[in-house]
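Please model the entire structure based on the sequences and the hints provided.
Protein chains: 2
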Amino acid sequence: MYTNLDHLKFLLRDVHPISSLLKLPRFAHLDWEQCWMMVESAKALADRHMAPYFKEMDTLGVTYDGKGGVKSHPQLKTIIRQAAEGGWINGAASFEVGGMQMPLMIFNSGHHIFQAANNGCQGYFSLTSGAAALITSFGSKEQIETFVPKMFDGLWQGTMALTEPQAGSSLTDITTSAKPLGGDRYKIKGQKIFISGGQHEACDNFVHLTLARIEGAPPGTKGISLFIIPKFRPEPDGSLKYNDVFCAGDFQKMGQRGYVTTHLVFGDNDDCVGYLVGEAHKGLPYMFQMMNEARIGVGQTAASVAMAAYYASLEYAKERSQGRLASEKDPLKPPTLIIRHPDVQRMLLTQKAIAEGSISLAMECNRLYDLSHATEGEEQRNHWLLLEILTPIVKTYSSEQGSRAAALAVQTLGGYGFTMDFPVQQHYRDLKIMSIYEGTTGIQSLDLLGRKVTMEKGKALALLLAEMKKTADTARPMNGLKSYADQLSEEADRVQSVLGHLLKYAPTDVDRYLSDATVFMEQVSYVVIAWQWLKMAACAQEILSKGDLGTTPRAFYEGKIHTMKFFFRYELPHAEACAATLTDPEYLTGLSNHDLLG
Amino acid sequence: MYTNLDHLKFLLRDVHPISSLLKLPRFAHLDWEQCWMMVESAKALADRHMAPYFKEMDTLGVTYDGKGGVKSHPQLKTIIRQAAEGGWINGAASFEVGGMQMPLMIFNSGHHIFQAANNGCQGYFSLTSGAAALITSFGSKEQIETFVPKMFDGLWQGTMALTEPQAGSSLTDITTSAKPLGGDRYKIKGQKIFISGGQHEACDNFVHLTLARIEGAPPGTKGISLFIIPKFRPEPDGSLKYNDVFCAGDFQKMGQRGYVTTHLVFGDNDDCVGYLVGEAHKGLPYMFQMMNEARIGVGQTAASVAMAAYYASLEYAKERSQGRLASEKDPLKPPTLIIRHPDVQRMLLTQKAIAEGSISLAMECNRLYDLSHATEGEEQRNHWLLLEILTPIVKTYSSEQGSRAAALAVQTLGGYGFTMDFPVQQHYRDLKIMSIYEGTTGIQSLDLLGRKVTMEKGKALALLLAEMKKTADTARPMNGLKSYADQLSEEADRVQSVLGHLLKYAPTDVDRYLSDATVFMEQVSYVVIAWQWLKMAACAQEILSKGDLGTTPRAFYEGKIHTMKFFFRYELPHAEACAATLTDPEYLTGLSNHDLLG
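Protein sequences, first through last, are from chains A and B.
27 is the number of the first residue of the first sequence in this note's numbering; add one for each residue after it.
27 is the number of the first residue of the second sequence in this note's numbering; add one for each residue after it.
If you're looking for bench data, these hints aren't it; they were derived computationally from the structure.
Among the clues, some could well be false.
[To be verified] Just some of the chain A residues that point at chain B, by a computed CB distance under 8 angstroms:
id: 1; residue: 62
id: 2; residue: 101
id: 3; residue: 181
id: 4; residue: 246
id: 5; residue: 353
id: 6; residue: 358
id: 7; residue: 368
id: 8; residue: 429
id: 9; residue: 459
id: 10; residue: 534
id: 11; residue: 536
id: 12; residue: 595
[Said to hold, decoys possible] Computed footprint of chain B on chain A; a stretch qualifies when at least three of its residues, placed anywhere within it, have a C-beta under 8 angstroms from a C-beta of chain B:
id: 13; stretch: 212 to 218
id: 14; stretch: 261 to 272
id: 15; stretch: 541 to 551
id: 16; stretch: 573 to 582
[What the hints assert, rightly or not] Think about it this way: if two alpha-carbon atoms lie no more than 16 angstroms apart in a straight line, the pair counts; the simulated EDC-like pairs of lysine to aspartate or glutamate are:
id: 17; chain 1: B; residue 1: 248; chain 2: A; residue 2: 305
id: 18; chain 1: B; residue 1: 496; chain 2: B; residue 2: 516
id: 19; chain 1: A; residue 1: 213; chain 2: A; residue 2: 270
id: 20; chain 1: A; residue 1: 344; chain 2: B; residue 2: 621
id: 21; chain 1: A; residue 1: 508; chain 2: B; residue 2: 612
id: 22; chain 1: A; residue 1: 355; chain 2: B; residue 2: 199
Values in this document were obtained by computation on a predicted structure and should not be read as measured data.
Heads up, the beta-carbon is just placed ideally off N, CA and C, and yes, glycines get one too.
Written as structure tokens, this is what we have:
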């Protein structure tokens, strides 16, 4: 077991009710049963084609052949084709571009299952999906017709090519160049690194959505344009011609070892053509569409991998006998299942709180995405603002705390957890990249404190805090939930007051204002996940009160309430500790004498 | 650079002054210069023979040949022999058994260097050293003469063989059996797993210090005896005979891949002889000598690996240019070194605070070990009590927070950190085992709360808190240190009051009393490391005030004070958060309905 469909159903049906989406014109063609059938089909697909290869794709890894090719796992082709056939590349796209117009909530519920089953392989086709979405949003009709259908069929791999060796996270410093050839065609020259899915054996062509600078463009991010750069370019006669896109290597990594990470060289023989997407110099805002979705996707992947690790360790804890409770002094009594040890329960509850809390936040984001694409006016704007502020949070909390959760999964298995015989060590290794992909934790935190909390005069944050208060108000009158509702309100207020403190520095010393952005992120994340847990607990409490359990066991709902309490007692107090750091008057991370660090 | 000799010198000379040890009769044959020369010789040895193989020993790993043999790295033989020759196996042993009678502080300073350079290879000869120490402490004259000299020469590998497949951490459930053959000879039958160094190509023989149960022994840990079980047993004629010790496999692991982890089968052909050490049924207390030293050793190893990761990321941060400070709006300005980014400084300071703080605590323990072996009466007793309470703490803090520090090292390098091209990912993988070796974090925490804080009516804890107050009193009048001294006192009081709260459960519900032992461990650890940092800062402040810097740059000492402040502002507030968890009246980890976890 690598994830729990009951939890997913609870999220989709009760906590973040998809029913409200299905009333909207965009999704009117779907009902709940159809949606859930899609989710179940994803589970069947993952069980059959993905989960069985999780370990082997890691063990075999991928290897660069020294001359432009990368040997990938033979199963990969089946995985990508099956995903395409199942609607897991084109599912969220509109009918008019050949999509299935599913809510992202459903599309990403399927992807959650794939991520939990085999996160590396999911990356390939989810990248293609994101790249195709970008082309459909901003590309010309001809570009869409040329590239998107092949991508939807899983025949052509999509990628995003941003990072350059010298620039890293700093897109301002991108130097890949583009020289006009007429129309949307440009001659491209440059190098990109860390390009996931950039070369392998399972697809016929590679469509690199690439940021580059048109000759004479203004400096900085305002001079960046977006190009489609295929490995083989379609010629007027319908044939494909090698487009001078050379894979110069594959980075070997500590995790996601079955997922290629390439170094690409464009135009080394002066024959690489890129097709400008949309207008010149607007590449960054375009790319941010894909990037924002990718950030939610990475957060969700981290949560999904943490979920898989949780279930692996839970199963082990239910089967493994070892030791006795402290109260049992008789060594002749048989050993107990380790799940009875309070410390093991603590490790399992911590994992459950992190993994299920993160997945709930991801679903909140998916739902906001759907709402902000299917509503209008003020309502649309508010959904979008909430999504904007939650995006860096779901990305960061899930990846940072997901790693911690996977460490606890390893720990639950003890020495066995460290061996290659069990999957938890792979989850732990895979997870580490999630806090780096699509903008590191540092970058996400700058985005949160430097952009999102101040945008539109703080409206996004105000909306978020109001949502929290709303949840607290719903929960407060419920049986046993009052103190948690009060605690959430108090922590929401504390976020506001810490921000007030930090903002004093913003006008005169922006470096100092942002210096502890990551600690602020940590504080806010704890509070946001507490909000998700109170939401889940209030839903569960309502179902329990109504006695409306259907076939779901009572323990399922009681477990949500229990885990909420656990989160509030074991995790949430650390939000206040972060606040203590943030409101301290000393400024310790603006050192100019770096020898103090030596 | 993988560690910093200046920091080590500061610890040995100023913070935990070795001068007080060198006055004791046991160490009267040594002066500071000789001690420091030993440390420098360790550095030269590590530079030449260990550090260059850190990556390769991981890449090549170790492989089981299917018939009892394990292929290890060809350099291993040189490493072990050189370590032996340098005095790094016998160094801490007494003259009378062929040792060099160095303080453990110096012996472990050398080992710190080896651990930072190549932690896997250090394991081999440090195990031999510990095993030999156990034989010299409790073995017969004949046993000592038979085994110890070969071990000191690095020709025979020592191991500790405790864990059995069905028992894991629960030594009560050990089933390996021993049948008397006369004298100290017993016929052994059983299996042990996770035996580090249990079989490889660099030694001629293997000396397994093994826990087993003599037929008819009382149940539980009171019926466990300690045996020497060599792979080849010395015959009366001086020859060696295969002793029916079969290596049935090597566990493949996510880290420490160059360090063998074997599965051993004793007596499958009914011809395995073990030699009883000391008295029957006293195996566990004997083994605890080695185990306690090994726990300090694992803590110190974790700290050392975290130190190596810190230096790898610090060097990178000083060389890598990327992005601009938030206050720099001009994209035409050249990118800045990443060490100038506050978030990178935060990551580096966190690592420095954890790694140097842990090494300081390890040196505190090493010094207490020396004092408790070289003093007498009440004084000896107090040193021993302090060591007893600090042992689980240094083991746990260094391994848990060391992993977090190494994650920050990876993060500092961004995507590069996740690739096999840089060492930080190896540090991260290697470190994960440290919270499992020699008793998991859960076991250490039970030891702290269940035994160490209550032993001798709480005297160990009282001594520890008194030491903290003493440090606070020293620091309080110093320039700028008052608020930190007060904060440490306050946190020491909070430990006492949390314990008072927990102890209410001890008489009637011991399971509940111990249920959050790990959270208590976390709280206490933060306070203990704060104490180490205040000690270091007070030392540094005193040296700065006196102007007695010698050739050490001023920034070195200022950096200690700065890092202390950082620890108090960024880390220590989490001690209070742990206290909030611990004093909450709800009991959430004593679930009997495990379906709530599903």
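Assess, step by step, whether the Cα of residue 344 of chain A is no farther than 16 angstroms from the Cα of residue 621 of chain B, and give holds or violated.
-> Judged against 16 angstroms, a Cα distance of about 10 angstroms means the pair holds.
Given as covered by chain B, does the stretch 261 to 272 of chain A meet the bar of three residues or more with CB within less than 8 angstroms?
-> Our answer is that it is violated, as 0 residues pass the Cβ test (under 8 angstroms) against chain B, missing three.
Does the CB of residue 62 of chain A sit less than 8 angstroms away from some CB of chain B?
-> violated (20 angstroms)
Given the hinted pair residue 508 of chain A and residue 612 of chain B, is their alpha-carbon gap at most 16 angstroms?
-> Status holds; Cα separation ~15 angstroms.
Given pair status - residue 270 of chain A, residue 213 of chain A, alpha carbons within 16 angstroms = This hinted pair holds, its Cα atoms lying about 10 angstroms apart.
Are residue 181 of chain A and chain B close enough, Cβ to Cβ, to be under 8 angstroms, as the hint says?
-> Violated. Min distance 28 angstroms.
Three-residue Cβ test at 8 angstroms for the coverage of the stretch 212 to 218 of chain A by chain B = Violated: only 0 residues of the stretch 212 to 218 of chain A have a Cβ under 8 angstroms from chain B.
Residue 358 of chain A as an interface hint toward chain B, with CB separation required under 8 angstroms = Nearest chain B Cβ about 5 angstroms off; hint holds.
Hint validity - residue 246 of chain A Cβ closer than 8 angstroms to any chain B Cβ | holds (3 angstroms)
Mind checking the CB of residue 368 of chain A against every CB in chain B and telling me if the closest is under 8 angstroms?
-> Residue 368 of chain A check passes; min Cβ-Cβ to chain B is 4 angstroms, inside 8 angstroms.
Check whether three or more residues of the stretch 541 to 551 of chain A sit with their beta carbon closer than 8 angstroms to a beta carbon of chain B.
-> With 5 residues close enough to chain B, the hint holds.
Between residue 355 of chain A and residue 199 of chain B, does the CA-CA distance stay at or below 16 angstroms?
-> holds (13 angstroms)
Consistency with the previously given hints fails for numbers 1, 2, 3, 10, 13, 14, 17, ordered from lowest to highest.
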